[in-house]
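Undergrad: Listed below, chain by chain, are the residues.
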Amino acid sequence: MPYADWYVLMFRPERMIVKREAFALVVLIAGIAPVQAQDAAAGETVFKVCAACHDIGDTAKNRMGPVLTGVVGRTAGTYEGFKYSKAMVDAGAGGLVWDADTLDRFLISPNDFVKGTKMVGISVKDATDRANVIAYLSTFSPGGGEAK
Amino acid sequence: MKNLVFVSALSLGALISVAAMAQDATVLKGKDAYGDWQKDAPGVTRLLTPDDLEKPAPASESASNSPGIVERLADAMPKVPDGFSVELVASGIENPRAIRFAPNGDLFVGNSQAGEVLVFHFPEGGGEPEKSTFASGLMQPYGIAFYPADDPQWVYVAESNGLKRFPYKSGDTVASGEAETLFDNIAPEHHWTRDVVFSPDGKTMYYSVGSGSNVGDGTMEREPEGGLEAWASSHPLGVAWGGEERRAAVLAFDPDGKNERYYATGLRNCAGMTMQQSTGLPWCVVNNVDELGDNVPFEYVTSVADGSFYGWPWYYVGSNPDPRWTDEPRKDLDGKVDVADVLLQAHSAPLNIVFYDNDAFGADYKGDAFVALHGSWNRGQRTGYKVVRIAIGDDGKATGTYQDFMTGFVVDADNVWGRPVGVAVSPDGALFVSEDGSGTIWKVTKD
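Protein chains in written order, with my numbering: chain Z, 1 to 148; chain H, 1001 to 1447.
Calculated directly from the structure, the hints in this document are not laboratory data. What you were told as hints is all true, and nothing was included just to trick you.
With a cut-off of at most 35 Å between alpha-carbon atoms, the simulated DSBU-like pairs for lysine-lysine come out as follows:
1. Z/K115 x Z/K61
2. H/K1331 x Z/K61
3. Z/K83 x H/K1055
4. Z/K48 x H/K1331
5. Z/K125 x H/K1131
6. Z/K115 x H/K1079
7. Z/K83 x H/K1079
8. H/K1039 x H/K1029
9. H/K1397 x H/K1055
Some chain Z residues flagged as far from chain H (calculated, every beta-carbon gap over 12 Å):
10. Q38
11. A41
12. T78
13. G92
14. A93
15. G94
16. L96
17. V97
18. D99
19. A100
20. T102
21. R105
22. A127
23. F140
Partner residues aside, some chain H positions facing chain Z, computed with beta carbon under 8 Å:
24. S1064
25. N1065
26. S1066
27. P1067
28. G1068
29. N1095
30. Q1113
31. E1189
32. H1190
33. H1191
34. W1377
Built from N, CA and C at the ideal position, the CB exists for glycine as well.
So that you can see chain H by itself, here it is in the shape it has in the complex:
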């Protein structure tokens, strides 16, 4: 009885949260939630469940539909909900990817393909931000973290092949000394974005590594050397082999880069992570497999528990077998696949996530998360290319619904000017968004 009451209270909490998020809008469900850029607008709310998943399409129906990138016209502005304003903060950046605020309010930007970390300092009283190069000569720098969190002594920079940390004191806009390489033995090919976050107690460092392939094609044999049974009994649940070892996973380390272990597996490409302070759980945004059709499988946003397994490359969205592995199924893993907290439309390409723990947007937004969707190539009608808000209940758990928050990056069926990548919340509660189509950074504030 006690359990029943608890469950009911949870459901009620979820319902209230969904209602609050939906405001006047209805929640699009199932096939109605399969939208594209033409149906996107701030406020449009969606809920997908594992039952909504279609059967995979034959490979011949797989779309090849990368966006054309056109220059942003000066008057082209992203759309945000009524009551919010958006302004351009910076432009002309080669490849702005993950963005993170230092505790003092300086914005650090992983300018990945330029091999740099940039810093934007915002002068008191407003005016143009001052840009400087914190570090250069890096290998596809992406995720950035400050450690220890309250008074950072280091800036951690995740590169495609490893992790470095630079000495740091508040106010530094150029690294004051050489980087210390904590490790540089991660395979950098294919999915190259690496992210890094710390547990609230500062004792554990999480480092996400995407897979080296779409679905294990060309990187791993159908069976590991020595046989499946021996492999499974000597590795944590769901660890892949061959070129996929130490990939498609969240690895955990001590903050000095030692004591490596698997934290979670089967995450095809956790392209961005953040820490939920209230639960102490890292959250991942995950790009799922390609070439199974326009609507299969869902991508996802999820809290990630120690020892969890999300299926890749053998399964997706729970125990749905990937057709590319049905000749060599992992029967031993059937039923052991975790289902993500929030399912996103297929091919959305979520790249970064941040929790909104500020009061500036109002109580309704506090505790929710924002996720940047880079946008599709493997879908007939373009989807993604927006920032969505993830509904989180008072218990810190996702309700499953998500809502368009920032749209307007798509020009027409063939072209876009913007591809959102990074999301970060400034100390005064503004949402910053980077996009690497035109190379700009935007700031969203509540009126």
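Bound-form chain Z, shown alone:
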């Protein structure tokens, strides 16, 4: 803890409380802002790139990549019938569940996040694109990560 915080805690505890409230407000804003920035409709456009390998929707089939219906909230490497890499199966067994955060980190650089994934040579570099496409995926994942 920095010296200034020690000072406040020791000698001006009333200000520490104020500070904690301010901190909570910052967290609240940080938590809301990205949600507001997410745009599932824009994500549908981003998904056209993903659709070269991934199917989504009620009648989706495994293609080059696994079906993404319900991916948000799913344990990694578990969609029925898809031949995942050992790396992805192991990651799921180790507790990796796809949510907004893990999907974001995966899409920055799949092979860095799950070393040995079959999803090589492709990524979503733009942070807004990632947020939007994850929002789009969430609309196919009832209860799995959709903003309530």
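Starting from the known structure of chain Z, arrange chain H on it as the hints suggest.
TA: Structure of chain H alone, referenced to chain Z:
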């Protein structure tokens, strides 16, 4: 009679060429030619014809079998024919795709997903190539061309949404100036590889664009707005509509990117092009439709004539109707579908092609072509993952046979270390191959 003699001479030429290519090997035909990675080896030769095509399988039998990518062990080397040697030129490249030599011998590499064009300069007397970044911040750069061919003033870079050209003079390893955008209004989604080549006279530029879907699903209505008849009469043969307009085609332009027109249509995904200097025809390697079973339909390599139509999305390999369109068949196109020169096993995934116009590999190889096969996902037993040699007769026409030239990228039924993408011939006649599984570039020379 004159015609008959001509035909006989052609057939004889084809036979001699096939015999020369086959050497001691037999030519595998029909179902015998349906191999997988376990049967691949340098020298294995195949010939497929439209008559060898099976009926499409039900969608439930469509395989989902993408390869696992494992790290290449240091001693894992691609296999090449006896009398040839292979060496690793570069490694650790994020996504090396199309590769092209500048006239001075510098190798340009489309590092597609990194958004870069790299240059490898090979110092005189050997030694490690010097790598530099020619340009960055690009949108999935893939095809690269030098123009004018003999003394290039520009490097053309095909991006998924258009085409740029950078100023160039021989020896440049970093672009000396800003790119000029010739066009940036191509739909970039789904099939994203674009290639660019010039006619031998330098007057026409060809730009290939893959489809935005597997078979028109989700990108085009069953009928165009205004009705089929009106559409067909106001567009060149076989042009698709909706999100597929200006796609699944080779477009032609003037070298400045103006005067756009359709050159050829119905090419689902011409993922790589090259120019055959002797005939002046661009050649395409084409990825065909998925989800019709392990052996349907054949992919292909073909010379592409002006106004030709290869069937997509309504037909494949001639006038075989695609079952996904039989409720709304294009009767008007039946019988008007061109058949490709060389049929490759289904799901091979050909990505790039180069003609071998050098003497270094010997007279037997001169005029033939090399094609890189990225390998299958939609097949139970893996196929592709190799470089094949395409037999070309003395008349510049393909005989239809193709032969494994470089194999050994597959580790086992589940895993591969390499996925060939780019092929290029250096000025001194070595064949260079890029692969984007491990991110390496290889050089093949004759002993």
